[in-house]
Amino acid sequence: MSKQQLDGAQALIKTLDDLGIEYIFGYSGGAAIPIFDALETVKTKMKFILVRHEQGAVHMADGYARATGRPAAVLVTSGPGAGNTVTGLMTAMMDSVPMIVICGQTVTWMLGKDAFQEADIFGITIPVVKHNWLVKDSNALPRVAREAYHVATTGRPGPVLIDVPKDISQGPFSGEMEPEINLPGYNPEKDFDICPEGVKAAAALIANAKRPVILAGQGCMIARADKELMHLATTLDCPVTSTLLGKGVFPENHPLSLGMLGMHGTAYANKAMVECDLLINIGSRFDDRIIGQPSKFCKDAKIIHIDIDPAEAGKMIQPDVMIVGDAKAAIAEINEKIAPAKHPEWNAKLDGYRKKFPLGYKKQGGLRMQQVIDELYNLTNGEAIVSTDVGQHQMWAAQFYKNHESFHWLSSGGAGTMGFGFPAAIGAQFACPDKTVISISGDGGFQMTLFELATAAIHKLPVKIVVLNNHYLGMVRQWQELFYEDRTSGVDLVGNPDFCKLAAAYGIPSVYIKRPADVTKQLEKALAYNDGPILIHAECVKTDNVFPMIPAGAALEDMITEAPKTKMAKPVGST
Amino acid sequence: MITTTDTPVAPNLGGSGHTLSIFVNNAPGVLMRICQVFSRRGFNIDSLVVSQGRDPSFSRMTIGITGDPAGLDQIIKQVNKLIDVIHCFEHTSNNSVTKEMILIKILCSTDDRSAALQITEHFSGKTVDLTPSSMVVMITGDSPKLDAAVIMFSQYEIIETVRTGKVVMARGEQPT
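Residue numbers (the numbering used here), protein chains in the order written: chain A, -14 to 560; chain B, 2 to 177.
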């Protein structure tokens, strides 16, 4: 091999750099050594971050993407290394998050022969990626990497995986560095052709609506349709609710904002769903935690559904008007066709609900998670990037940390992956070094990926690691209390470590909060520390419940806003 | 690739049966991706024919399925969404021709042979293997015709049958 000649791995790394990938999160291993070697031999602008577990790497890439809209790469070895990315891929797939995962693989002539650390990661990951490749030609690596980037970042984004056998990464490269991509079955450019009939029909429904509501999903954020959405809402004097993942695309401190809807959404957002006569869903896939019982969802309302993914049309809810395409392009077209409107009665009615069913919490009888989150919101003026884990704290964070702009809320919605929040916050902090990044986790989820404390400490990332500790898997315990006669089963986290001492073991300082009166002072202290990560251990009341709540599979009008006095039937929906 | 079935009774593809024609990249794993779309949504694949397209970089799949018709629309959209799928169309008997081939192996002594050959002739079939004690008959046509042939040959002892599964082509100038 001449000095100038590249090998497959070098061509791959060079291509990733050319594509503008900024970070590679990863963990090495035998089958990936040639690719790791290329990180040393090829001069790039990319930074490699060594994590402590492959799941951490995938969630970091996820957090990076959710905070920027751009993909990061993940580099892991074959077998267990690749297998450990599956949960993270599934998480990203469910929430349409772009990322490029590259796995080492055994040499091609050993494929299917149970070689050391061999796993059929191509087959394993088919259901959890937008697309994947098993590369069998070194010269194909630049093309595959370019196709992977294109697939991950266009249309409805999603994770992609490239499986690279060791002889392919190690083999000599004599191909083209900038080949044409070849994806005849993939035409995302069509997403910007908005059907004029659909726009006309939507505008007609909008003109006739007396009680319209906009449901803004993550699709608006991905399309960067914030301005168009604001124009639509303010022109129509139309209230806006958002999904969990859409938080921030319409500022939640705006008078027209209803906050989040759904199972633990605000009462006023869910009331608006029940009473509206027109629902304009832009970029939400009508998740089951939003619609409850499909047959009763918005049953008296006309429904406009805008989605980039044709497979979402009619999947859960049959709309009156379906527009398939990019949210920004679609809203811009609709904005051309609408006249300014006023809906004073409708908005006054919703204001009534805001006053009647405000979000609140007690400041007596022990520390509440809500207070910590509420105070974080106040102290950061709602400007921080907030990642959450999954469970009660996630729903309270969604309720009390109002997001003012896009790409500031990182939460595993579709997959509900515990262990997501902390590594996602690390990824976001790498992406946005000058922003305040707050990781809010419960004691359960934090312990699933706490090993990344090392990664945060080594890179002196000023992530604020909030652990809201109630010594329970609180959301499951809440269900058991409400629907299973309070039989707690498998939820008591006896033996939690002292989280402050745990942080200290990694050289990370911490603050401890137990009294409601100490919250502000301690959080101020933690937020002022920017020399590296700091852990905030909040010792919270053990048994508290998230309200409002719509039991899974129930209709939105069956929402409960406080603890029921009588026994409740087991939910018919799944979770 | 052609799949085979040993069941002497043909699957009933009338009523809730549907035929999909899927044009795909000729790439490893495509079949797996498509099968996952079906199995995850509770659709059972009754027949499946895959072969290289006229341009060898593409393949043609004809899939006969049964399942909840309400879910079919969703299946077609999900299949179309796959990166390796160029297009996926549903075909009905009104707008397409469907053909299938069956091989029927029967125990048939010399005494019974002429009657068996009559049945073969009735179905415009061919004898493709003959021994003193057995014969293999090949018949092509639409699925009900093949079902009828199986019933007629049931008066002999059928050792096994192999069906190719349906292939479909749109009528007229429409692409399949």
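Hints are not guaranteed to be accurate.
[What the hints assert, rightly or not] Quick look at which bits of chain A chain B covers, simulated, 3 or more residues with Cβ under 8 Å:
#1 31 to 44
#2 99 to 113
#3 205 to 219
[To be verified] Below, a list of computed lysine-lysine pairs in the BS3-like style, where the Cα atoms sit at most 30 Å apart:
#4 284/A - 347/A
#5 550/A - 341/A
#6 445/A - 281/A
#7 82/B - 300/A
#8 499/A - 387/A
#9 175/A - 100/B
#10 121/A - 82/B
#11 445/A - 348/A
#12 175/A - 347/A
#13 185/A - 78/B
#14 300/A - 78/B
#15 347/A - 281/A
#16 348/A - 387/A
#17 281/A - 100/B
#18 281/A - 348/A
#19 82/B - 100/B
#20 82/B - 185/A
#21 348/A - 30/A
#22 322/A - 334/A
#23 175/A - 82/B
#24 121/A - 30/A
#25 100/B - 212/A
#26 78/B - 284/A
Source of the hints: derived by calculation from the structure; they are not laboratory data. Since this is a predicted model, take the numbers as computed values, not measurements. Using N, Cα and C, we set each Cβ at its ideal position, and we do this for glycine too.
Results for each hint:
no. : hint          : result
1   : 31 to 44      : violated (count 0)
2   : 99 to 113     : holds (count 4)
3   : 205 to 219    : violated (count 0)
4   : 284/A - 347/A : violated, 36 Å
5   : 550/A - 341/A : holds, 20 Å
6   : 445/A - 281/A : violated, 51 Å
7   : 82/B - 300/A  : holds, 14 Å
8   : 499/A - 387/A : holds, 24 Å
9   : 175/A - 100/B : violated, 35 Å
10  : 121/A - 82/B  : holds, 25 Å
11  : 445/A - 348/A : violated, 34 Å
12  : 175/A - 347/A : violated, 51 Å
13  : 185/A - 78/B  : holds, 24 Å
14  : 300/A - 78/B  : holds, 10 Å
15  : 347/A - 281/A : violated, 33 Å
16  : 348/A - 387/A : holds, 20 Å
17  : 281/A - 100/B : violated, 45 Å
18  : 281/A - 348/A : violated, 37 Å
19  : 82/B - 100/B  : holds, 28 Å
20  : 82/B - 185/A  : holds, 26 Å
21  : 348/A - 30/A  : violated, 50 Å
22  : 322/A - 334/A : holds, 27 Å
23  : 175/A - 82/B  : holds, 13 Å
24  : 121/A - 30/A  : holds, 27 Å
25  : 100/B - 212/A : violated, 55 Å
26  : 78/B - 284/A  : holds, 25 Å
This entry does not satisfy hints 1, 3, 4, 6, 9, 11, 12, 15, 17, 18, 21, 25, going by the numbered hints stated previously.
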